[in-house]
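Per the working numbering, the sequence shown starts with residue 8, numbered consecutively.
The set of hints was computed from the structure by calculation and includes no laboratory data. Among the hints, erroneous ones may be present.
The list that follows gives simulated cross-link-like pairs (lysine to aspartate or glutamate, EDC-like), each with its CA atoms no further than 20 Å apart [claimed, not checked]:
(1) K87 x E21
(2) K91 x D28
(3) K48 x D58
What follows is a set of in silico ranges between Cβ atoms, one per label pair, in the way DEER data are often shown [what the hints assert, rightly or not]:
(4) W26 x R173: 53 to 59 Å
(5) E21 x V184: 42 to 48 Å
(6) K56 x K135: 19 to 25 Å
(7) E183 x P66: 53 to 59 Å
(8) E108 x V184: 51 to 57 Å
(9) D14 x E49: 17 to 23 Å
(10) G92 x L156: 35 to 41 Å
Here the structure is a predicted model, which means the values were calculated and not measured. Heads up, the beta-carbon is just placed ideally off N, CA and C, and yes, glycines get one too.
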Amino acid sequence: VNDLNRDLSKRHVEVGASWADSVKQIAQSNEVIMTSLPGPKEVQDVALKADGLLANMKPGSVWFDLSTNSVTVVRALHAKFKEKGIHMLDAPVSGGPTGAEAATLAIMAGGKPEVFERIKPLFACMGKTIVRVGDNGAGQITKACNQLLLLVTAQGAAEALALAKRCGVDPATVREVYRRCFKDGFVYGNGIAELSWLKKDEDRWFTYRKEIPVKQVINQPFMGRMSVSTGETNTVVRKIKYTEHTNQPVL
């Protein structure tokens, strides 16, 4: 295991992992490599630098990346790794730290079926919903659509509670009713995502939307239209004191 912050690897080492001083060391000594990184730039750095994965992995080995990434970047990397006989899966995840801790992540994999089947037992150690959604890049498209759904749902939740408040109904009471109406409290239960995560993915959606051949369905950023009291967490709907939109009609 390797991380820029070695302290973050302590739990892995405690349960049997070995610390590697570099990405190069990992690439040269393992047949299957997993990465989980902040975004496209970091993925490209780890993959393409002289001491990175491409230059040091062996033909026939597998690299699967859990990062939320660019479709274009993923497909370009896949082409480069294929030339060297290295298999790649893009496998972004959904579920956050809670899902990671409980090994209940949803994993959306893009790549060859035979490579997916080879890696699937490893995915099962981290996730509960494990689906090959198509060829390389399909995982990122599925993740983008997943985050769009979360953004739309979060905005709808905020709008509903703000409307209830404007109409003189206690939003906390409304939340309690609705959280019992939706399975697993999807909208009004324990919260659906951290604002910072949604903002990051919203920005990425705008940056990479040209990669996906659909009409523009978002006319303005969601985050500027949602406000929530942070308290001890900044979860979108766990804390439900919403600020009403200024100069916005109720209907």
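Going through the hints against the structure:
{"no.": "1", "hint": "K87 x E21", "verdict": "35 Å, violated"}
{"no.": "2", "hint": "K91 x D28", "verdict": "24 Å, violated"}
{"no.": "3", "hint": "K48 x D58", "verdict": "16 Å, holds"}
{"no.": "4", "hint": "W26 x R173: 53 to 59 Å", "verdict": "55 Å, holds"}
{"no.": "5", "hint": "E21 x V184: 42 to 48 Å", "verdict": "44 Å, holds"}
{"no.": "6", "hint": "K56 x K135: 19 to 25 Å", "verdict": "34 Å, violated"}
{"no.": "7", "hint": "E183 x P66: 53 to 59 Å", "verdict": "58 Å, holds"}
{"no.": "8", "hint": "E108 x V184: 51 to 57 Å", "verdict": "30 Å, violated"}
{"no.": "9", "hint": "D14 x E49: 17 to 23 Å", "verdict": "18 Å, holds"}
{"no.": "10", "hint": "G92 x L156: 35 to 41 Å", "verdict": "37 Å, holds"}
In summary, the structure is inconsistent with hints 1, 2, 6, 8 from the numbered list given earlier, while agreeing with the others.
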